[in-house]
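**Student:** Single-letter residue listing:
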Amino acid sequence: MARTLITVPRTARRDEIIEIRALVQHSMETGYRRSSEGDLLPRDLIRRFTCRFVPRVAANSSATSTAGDLIFAATFHAAIAANPYLSFNLRATTSGTLVFSWEGDNGLAQTETVSLLVA
Amino acid sequence: MKRRSFLASSAGLVASVIVRPVAAIEQSTVLTALVKEYAAGAVVREGRVKFDIARLVDNGNSVPVEVTVDSPMTPQQHVVGITLFNEKNPQNDVAQFSLSHLSGRARVATRIRLATTQQLVAVAKMNDGSCWTHTVEVLVTVSSCIEE
Amino acid sequence: MQPSTQALQKDDTQNPAMLWVKAGEALWNKPEGAAAKSCASCHGEIGRMKSVATRYPAYSSTQAKVINLSQQVNLCRVTQQQVSQWPAEHESLLGLEAAIAKESRGLPISPPTQSQLADAQTRGEALFNQRIGQVDLSCRDCHETLAGRKLGGNVIPQGHATGYPIYRLEWQSVGSLQRRLRGCMTAVRAEPYAHGASELIDLEAYLAKRAAGMKLETPGVRP
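Residue numbers (the working numbering), protein chains in the order written: chain H, 1 to 119; chain D, 1 to 148; chain R, 1 to 223.
Worth flagging that the hints you see were computed from the coordinates, not collected in a lab.
Capping the alpha-carbon separation at 30 Å, the derived lysine-lysine pairs in DSS-like fashion look like this:
1. Lys88(D) <-> Lys150(R)
2. Lys50(D) <-> Lys10(R)
3. Lys36(D) <-> Lys50(D)
None of the values given here were measured: they were computed from a predicted structure.
One chain only, chain H, in its complex shape (with noise of 0.2 Å):
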């Protein structure tokens, strides 16, 4: 499993605009080079990222919603560097949870979550 380091801030202020940062390890081979032995390093990309937010819902409520909003989402090729690191934004509205996924070659999904108090 990859390992990942995401940066949110534990609170936010209603409204305020919050900086979220995600580093994944993951060595992004692109499929052109090559070994000491000449042989084509098969291709290993992370290809999807996506973070969503999944308001917390409460307890009384009936809403049903836990896929939550996508807030954003990237598309990588070969070019994005080792350990792939995005940086973003996210006005905070209210409390929940924050769910970062990485898919990509050879059956890599992956995904962490982050709980976000708004006050």
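Dock chains D and R against the given chain H, drawing on the hints supplied.
**Tutor:** Leaving out everything else, chains D and R in the frame of chain H:
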């Protein structure tokens, strides 16, 4: 030429270089074609996008970039996508980013690979379909102490 | 080094080496081997490693030789945890070494006063000044005589090993000082010493003496 007048004229030369307005660079035909295809018929204009990248790069393996777009990011008016293309890597695609009014700020930062000195373009697509660009030129120096 | 590379090192939320440090911090608390001990079982929390990395390489009386920090980690694995050593440049070894060294970030490099270490430093200095390879260059030729000048697009650094293990953009990963030294040797077309060779330890010992008083900045980022 007298020393004094030489100094005066050379000082003037330096000043004229510094104050010369930065002209927009002429976009390579490769990038123009990529942007046109991405825009899919929408009007493409230069401006509103700021593509922040070092002009001179230490090592093309990891080059920090930041793209910001002048947009209020409201439900009525916002950026829906930011796309980066390069001119001379083996593949012209760098990345595509999707944003929405939930982003609050039209901004993304990442790190990219550059095979050599070349142009890059950032294209922002607005929710009204219009596209805006900023083209930059980056000098990638030969890294001295490579392994292998 | 460009400002953008410096910025990567200064900000832990952007520094890719922090992925390795995070892995190392998890390993610190993970029981391993027949003894089912973690590093923390003997040493307590990793914060107690503060200043330890500033003192390596150092003479080990049990080994009767000078060893570096990664060799000390491997020694603990064999003697305390009763598990096999990690090979040179193993991800876990680099991670644990980086996590331990990060606890000394900002502290001056302080080689201990030991006669055996002094001998290693002397041997290391001789190696530093020795011209090697088909290109016929010593460490000193580039990193003292020509430091600050340019080689290709890069400024030649003074060769102070203050940030190891480092994330090198060229490697696109974290690597040890020995990997870097071996890279230099290959670059001047000399046969590099094997990982763990006493010559490399001697060079490391001299570099630590040469950088004494400078602040440790692990995990560093370099082009």
